[in-house]
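Q: Those sequence lines, one after another, are chains B and C. Here the first sequence is numbered in this note's numbering, starting from 121 and rising by one per residue. Here the second sequence is numbered in this note's numbering, starting from 520 and rising by one per residue.
Not one of these hints is a red herring.
Stretches of chain C that chain B covers, calculated by requiring three or more beta carbons in the stretch to come under 8 Å of a beta carbon on chain B:
| id | stretch |
| --- | --- |
| 1 | 522 to 535 |
| 2 | 552 to 562 |
| 3 | 573 to 583 |
Just a sample of chain B residues kept apart from chain C, beta carbon distances all over 10 Å, derived:
| id | residue |
| --- | --- |
| 4 | Lys185 |
| 5 | Tyr231 |
| 6 | Glu264 |
| 7 | Asn267 |
| 8 | Val301 |
| 9 | Asn347 |
| 10 | Lys350 |
Bear in mind the hints are in silico, worked out from the structure with no lab data behind them. Note that this is a predicted model, so its numbers are computed, not measured. Virtual Cβ for every residue (Gly too), placed ideally from N, Cα, C.
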Amino acid sequence: MEKLIIDAKEYDSRLILGTGKYKDFNETKAAIESSSCEIVTVAIRRMNIGQNKEVHNLLDYISPKKYTILPNTAGCYTAKDAVRTCEIACELLEGSKLVKLEVLSQSKNLYPNIIETLKASELLVNKGFKVMVYTTDDPIVAKELENIGCECIMPLGSAIGSGLGIINEFNIREIVENASVPIIVDAGVGTASDACIAMELGCDGVLMNTAVALAKDPILMANAMKNAIKAGRDAYLAGRMEKKQHGSASSPSKGLITDD
Amino acid sequence: MKVLLNNENIVLDDGLTIKELIKHIQLCNQYYAVEVNEQIVPKSSHTSFLLKEGDKVEIVTAIGGG
Chain B
121 MEKLIIDAKE
131 YDSRLILGTG
141 KYKDFNETKA
151 AIESSSCEIV
161 TVAIRRMNIG
171 QNKEVHNLLD
181 YISPKKYTIL
191 PNTAGCYTAK
201 DAVRTCEIAC
211 ELLEGSKLVK
221 LEVLSQSKNL
231 YPNIIETLKA
241 SELLVNKGFK
251 VMVYTTDDPI
261 VAKELENIGC
271 ECIMPLGSAI
281 GSGLGIINEF
291 NIREIVENAS
301 VPIIVDAGVG
311 TASDACIAME
321 LGCDGVLMNT
331 AVALAKDPIL
341 MANAMKNAIK
351 AGRDAYLAGR
361 MEKKQHGSAS
371 SPSKGLITDD
Chain C
520 MKVLLNNENI
530 VLDDGLTIKE
540 LIKHIQLCNQ
550 YYAVEVNEQI
560 VPKSSHTSFL
570 LKEGDKVEIV
580 TAIGGG
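Just chain B, with the same shape it has in the complex:
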């Protein structure tokens, strides 16, 4: 089976799962296992000082020995804050340089601030980070981020946490066709068909969180996403038939018993 390659590491799974919004760490762990994903995103935040010994850490459940931990810069609105967050994440994760860069513009639609994203990408690439960058579905910006040296470009399907799916398939296809690094749809997936469409468009993977975490049964939805991504990838590789304006019969028109 062909694999997804990120930062010179091969992955069987093309699903990257976020760890936010779950009921508890046990549910997070069960959903991750059900999805068969190998890369999980985490946020970097101040430690809750004074917590008692019984309170576990997310990484006690999702071991960095088993999974590739992808720290994000969620909540950062400037390149400076994003770079600072990546540097402390690197220290936290024992020197791991793989990061998910997201520099937001405002809290309503959580769209990326492209100016700051470009600045942060350049700074991080120069510091040796492997940058997986959240961006808009603008093909020109995507190419620019690739040219800067980002490891992977991650255009949004629609706004983070919206569940609206892929609102501009044409742009995603355009980005995929122009790219020579992996393209991973990040944000907007609401249900399995959205993930499948992303893969049918030729994306190399899908990153999601809310669609799984806020499903009525997150563990079952994680499994659905796994299957959708596999199906979409296979369909892309198989090459879909051409769309036609009119019908085209699948059964021969000759040999009918009603023919005179």
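Fit chain C to the given chain B structure using the hints.
A: Same frame as chain B, but now just chain C:
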């Protein structure tokens, strides 16, 4: 001495190291990273790095996020 720890004022004995601070606040989780005045202090320096009056200390970890 007074230091700002995760944006909260705390009072500590003078000349505490980061390692001693970690013990003082009873942090027993292995997954944390420390920044003092916006500079990362690598784990290897925690036993030797002395805190001083007015230091701004951040101790972070990984939590759930997308």
